[in-house]
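Trainee: Between the sequences and the hints, there should be enough to build the whole structure, so can you do that?
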Amino acid sequence: MSLAEKSSPQEIAAADVLRKLAIVWTEFEGRLEATPLIRKLTRGRFELADFHAFLVNMRQQVKDGSLWMSRAASSIDEEHLELRSSLMNHAVTEHRDFRMLETDYVASGGKLETILNGKKNVGSEALSSWMFHQASQPNPFGLLGAMFIIEGLGSIKAIEWGKLVQTRLGLPNEALKFLLYHGENDAAHMEEFAEMLRMVLPDEAVAERIVMCARVTARLYVLQIEEIAA
Amino acid sequence: MTELRDSFITGTGAFLPGEAIPNDRMEEYIGRVGGRRSSVGQRALRWNGIDTRHYALTPEGEIQHTGASMSAAAVRAALDDAGLGRENLQFLATATTQGDYLVPGHASAVHGELGGDALELASFQSVCAASFMAAKSAHLAVRAGETDCAAVVASEFSSRWFRPSFYEGTALIDAKGRLAMEADFLRWTLSDGAGAVIVEPKPRPGHRNLRIEWIDLTSLAGRFDPCMWAGATAALRGDMVNAWSHQGPRAAHEAGAIALLQDFALLKIVIRAWIGVYLEKVDTGRIVPERVDHLLCHYSARSLREEIVNLLINTRAMIPETKWFTTLPTMGNVGSASIWLMLDAFMKADSAKVGDRILCIVPESGRAMVGFMMLEVV
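First to last, the sequence lines map onto chains A and B.
Take the first sequence: its position 79, counted from the start at 1, is 140 in the working numbering, and no numbers get skipped.
Take the second sequence: its position 99, counted from the start at 1, is 100 in the working numbering, and no numbers get skipped.
Hints may contain errors.
[As the list claims (entries may be wrong)] Simulated pairs of lysine to aspartate or glutamate, EDC-like, Cα-Cα distance not exceeding 16 Å:
id, chain 1, residue 1, chain 2, residue 2
1, A, LYS181, A, GLU94
2, A, LYS218, A, GLU94
3, A, LYS218, B, GLU63
4, A, LYS180, A, GLU288
5, B, LYS324, B, GLU281
6, A, LYS181, A, GLU155
7, B, LYS269, B, ASP240
8, B, LYS324, B, GLU377
9, A, LYS101, B, ASP240
10, B, LYS282, A, GLU88
11, B, LYS349, B, GLU28
12, B, LYS324, B, ASP284
13, B, LYS203, B, GLU63
14, A, LYS124, A, GLU163
15, B, LYS269, A, GLU88
16, A, LYS180, A, GLU221
17, A, LYS101, B, ASP226
18, A, LYS180, A, GLU155
19, A, LYS101, A, ASP111
20, B, LYS269, B, GLU183
21, A, LYS101, A, GLU221
22, B, LYS203, B, GLU20
23, B, LYS282, A, GLU163
24, B, LYS269, A, GLU94
25, A, LYS238, A, GLU155
26, A, LYS224, B, ASP264
27, B, LYS269, A, GLU221
No lab work stands behind these hints: they were computed from the structure.
Mentor: Following this line, the structure appears as C-alpha cells:
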C-alpha cells in the first residue's frame with residue numbers, strides 16, 4: 062500500500078505543502094550560500110567586524126519576531142484556537158532571543174550602546190514590514206510558510222554558521238549563544254510543524270498562500286543578509 | 002523537419018579490474034601515507050557501507066589497466082551484450098573524472114584502445130554526473146537521427162590518485178604526520194572500474210531493452226563553491242585564479258592543490274540541494290514515486306541521515322527502500338561508472354518485467370549537480 066492510500070486528506074494536503082516548502086527552503090539555502098557575507102564565512106575571509114555587523118543587523122529584526130507572532134495570534138479567530146495557542150507559545154519562547162544577540166556582541170568585544178542603537182538594514186525593514194502586514198490580516202495562515210523559513214534558519218543554519226564562526230574567529234561559546242543555542246533539527250520539530258499545517262488544511266487557497274509567504278520571506282531574508290556589510 | 006525517434010538501451014557491459022578487495026586489504030593497495038595507518042578509514046567505511054571494491058593496480062603500485070583500456074573493455078562487453086561488434090559503432094560518448102592524460106580528451110584515448118574505423122566522439126569530464134552528460138549526448142544523437150549506434154562509457158581509475166606520493170611532502174600532512182580528513186576520506190570511498198551501455202533507435206528483437214524516457218541534469222554551481230575537487234587548496238578554491246596550473250606543478254603539489262579533496266560541511270548543504278531538485282521533480286509530476294518500480298541511485302539509502310528520510314516520507318516523495326537496487330556494497334563507489342555498473346547488474350539479475358519503470362539518480366558533489374534518468378523496460 063502506498064503512502065497516499067493510507068493517508069487522510071489532511072495528511073496528504075500537509076505533505077504536499079511541506080514538499081513545496083522544502084523546495085523553497087533548498088532554493089533559499091543556495092541563495093544564502095551565494096551572499097557576500099556567507100561567502101566570506103565559507104571561504105575563510107570572515108573577520109570579527111563581519112560577526113559584529115551580523116549581530117547588529119540581526120538584532121533589529123529578531124526583536125520583531127515574537128511581536129509579529131503575537132499579532133498573528135491576535136488575528137486568528139475562535140475556529141482555530143489550537144493554532145492560536147501554538148503561535149502564542151512560540152512567541153513566548155522567542156521573545157527574549159534578541160537579548161542573546163546583545164550579550165554575544167558584548168562578549169565578543171562590542172559596545173552595548175552600538176548594538177542597542179543599531180538600525181534595521183534595507184532587507185530587515187522589508188522583512189519586518191512584510192511580517193507585520195501579514196500578521197494583521199484575518200486568519201493569517203500564510204505565515205506558517207514564513208515560520209517554516211525562520212524555524213529552518215534556527216534549526217539548520219544557526220549551528221552551521223556558529224561552528225564556522227567559532228573555527229574562524231576562535232570565539233568562546235559565551236560569544237556564540239545565539240547561533241549555537243538553537244540547533245535542534247530533530248524529527249519532533251518537523252512533526253510539530255506538520256501538525257500546525259493539518260490544523261488549516263486541506264484548503265487550496267491557504268496552501269497556496271503558505272507557499273507564497275515562504276517564498277517572499279525567504280527572498281527578503283536573503284536581502285537582509287546581502288545588506289550586511291562590515 | 003525530421004521527427005524525433007525513440008532511443009533504447011540495447012546492451013550493457015561492465016569491467017571491474019582484478020579480484021574483489023575486502024576492507025581489511027584496502028591499505029595494501031592504496032598504501033599508507035607516511036607509512037602510518039589511516040585514522041579515518043573505519044569511519045569512512047561505516048558511513049559508505051562498502052564491503053568490497055576493485056583496483057586497477059597491484060599492492061606494489063604496478064598499473065594493470067588504464068582508464069582507456071577499462072573503458073574499451075566495457076564498451077566491447079556492452080556491444081557483445083547488444084549482439085553487435087565494433088564495426089557497428091558510430092558514436093562514442095565517454096565520461097570520467099580524471100582521464101589518463103591531461104590532453105587530449107578521454108574519448109580519443111578510448112577510441113585509440115578500441116581501434117577500428119572512424120567514430121564521432123564526445124568527451125565528458127566532470128565527476129559522477131559525467132555519466133549522464135555522456136548518456137544525454139548519445140540519447141539526443143540517436144533521437145535526432147544523427148547516429149544509429151552509440152556507446153556511452155564511464156570509467157574511473159581513482160586509486161592511482163590515492164597513492165602516498167600524492168600526499169607526502171604536501172601541506173595536507175600535519176605536524177604529527179596525519180593526512181587531512183578532507184583528503185583521506187575519499188581514499189576509503191572511491192575505487193576503479195568501467196561501465197557502458199549501447200543506445201540505438203530500435204529495440205533488439207527477442208531481448209529486453211530499456212527505452213530512455215528522459216534524462217535531466219541540474220547544476221547549482223552558480224550558488225555553491227566546489228565541494229569535491231582537485232586543482233586548488235581548500236582555502237583558495239572559491240576563486241579560479243588560484244588554480245594549480247597558475248602556481249606551476251611543483252608548488253601546487255606542495256600546497257596540496259593536486260590531490261582530490263572533499264568539504265564535508267558543504268556536502269551536508271549540497272545533499273539538501275539535491276533533495277530540493279528531486280522534490281521539485283516530484284512536485285511538477287516529472288517523477289511520480291508510486292509509478293517507479295525500481296530505483297538505481299548512486300548514493301546509499303543508509304548514508305542518508307534520518308531527517309532526510311523523514312522529510313522524504315513526510316512529503317510523500319520517498320521511494321521505499323525495497324525498490325532500491327544497488328551494487329555499492331560489493332562493487333564500491335566507482336564515480337561516473339557506478340550507474341552503468343549498477344544497470345548492468347540489474348539487467349543481468351533478471352528482475353525487470355516489461356512495463357517496469359526504472360529511475361536512475363546520480364548526485365555529484367563536485368559542485369552541486371544532480372542527474373535523473375527514467376527508463377521503461379520494453
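Trainee: Each hint: holds or not?
Mentor: Verification of the hints:
Taken as a hint, the LYS181(A) and GLU94(A) pair is broken in the structure, with Cα atoms around 22 Å apart against an allowance of 16 Å. Of the pairs offered as hints, the one joining LYS218(A) and GLU94(A) holds, with about 11 Å between alpha carbons and a cut-off of 16 Å not exceeded. Taking the CA atoms of LYS218(A) and GLU63(B), the gap is about 46 Å. The hint is violated against a cut of 16 Å. Only pairs whose Cα atoms come within 16 Å are accepted, and LYS180(A) paired with GLU288(A) is accepted, the gap being roughly 12 Å.
Restraint check for LYS324(B) and GLU281(B): the C-alpha separation of about 21 Å exceeds 16 Å, so the hint is violated. Restraint check for LYS181(A) and GLU155(A): the C-alpha separation of about 19 Å exceeds 16 Å, so the hint is violated. Between LYS269(B) and ASP240(B) the CA atoms are separated by roughly 21 Å; this puts the pair beyond 16 Å, and the hint is violated. Distance restraint check for LYS324(B) and GLU377(B): the Cα-Cα separation of roughly 15 Å lies within the 16 Å cut-off, and the hinted pair is therefore satisfied.
The suggested pairing of LYS101(A) with ASP240(B) holds, with an alpha-carbon distance near 12 Å, which does not exceed 16 Å. Between LYS282(B) and GLU88(A), the direct Cα distance comes to roughly 14 Å. Compliance with the 16 Å bound is thereby established for this hinted pair. A C-alpha spacing of about 31 Å is found between LYS349(B) and GLU28(B), which places the hinted pair above 16 Å, so the restraint is violated. Among the hinted pairs, LYS324(B) with ASP284(B) is inconsistent with the structure: their alpha-carbon atoms are about 20 Å apart, more than 16 Å.
For the suggested pair LYS203(B) and GLU63(B), the alpha carbons sit about 43 Å apart, so the restraint of at most 16 Å is broken. Taken as a hint, the LYS124(A) and GLU163(A) pair is honoured in the structure, with Cα atoms around 11 Å apart against an allowance of 16 Å. Between LYS269(B) and GLU88(A) the alpha-carbon distance is near 15 Å, which keeps this suggested pair within the 16 Å criterion. Proposed proximity of LYS180(A) and GLU221(A) is contradicted: the alpha carbons are some 26 Å apart, above 16 Å.
Distance restraint check for LYS101(A) and ASP226(B): the Cα-Cα separation of roughly 12 Å lies within the 16 Å cut-off, and the hinted pair is therefore satisfied. Restraint check for LYS180(A) and GLU155(A): the C-alpha separation of about 21 Å exceeds 16 Å, so the hint is violated. With a C-alpha separation of about 9 Å, the suggested pair LYS101(A) and ASP111(A) falls inside the 16 Å cut-off, and the hint holds. Taken as a hint, the LYS269(B) and GLU183(B) pair is honoured in the structure, with Cα atoms around 14 Å apart against an allowance of 16 Å.
Pair hint LYS101(A) plus GLU221(A) holds up; C-alpha atoms about 14 Å apart against a cutoff of 16 Å. For the proposed pair LYS203(B) and GLU20(B), the alpha carbon gap of about 36 Å is over 16 Å, so the pair is violated. With a C-alpha separation of about 43 Å, the suggested pair LYS282(B) and GLU163(A) falls outside the 16 Å cut-off, and the hint is violated. At roughly 13 Å between alpha-carbon atoms, LYS269(B) and GLU94(A) fall within 16 Å of each other, so this suggested pair holds.
In summary, the hint linking LYS238(A) to GLU155(A) is supported, as the alpha carbons are separated by about 14 Å, within the 16 Å threshold. Of the supplied pair hints, the one linking LYS224(A) and ASP264(B) holds, its CA atoms being roughly 14 Å apart against a limit of 16 Å. At roughly 10 Å between alpha-carbon atoms, LYS269(B) and GLU221(A) fall within 16 Å of each other, so this suggested pair holds.
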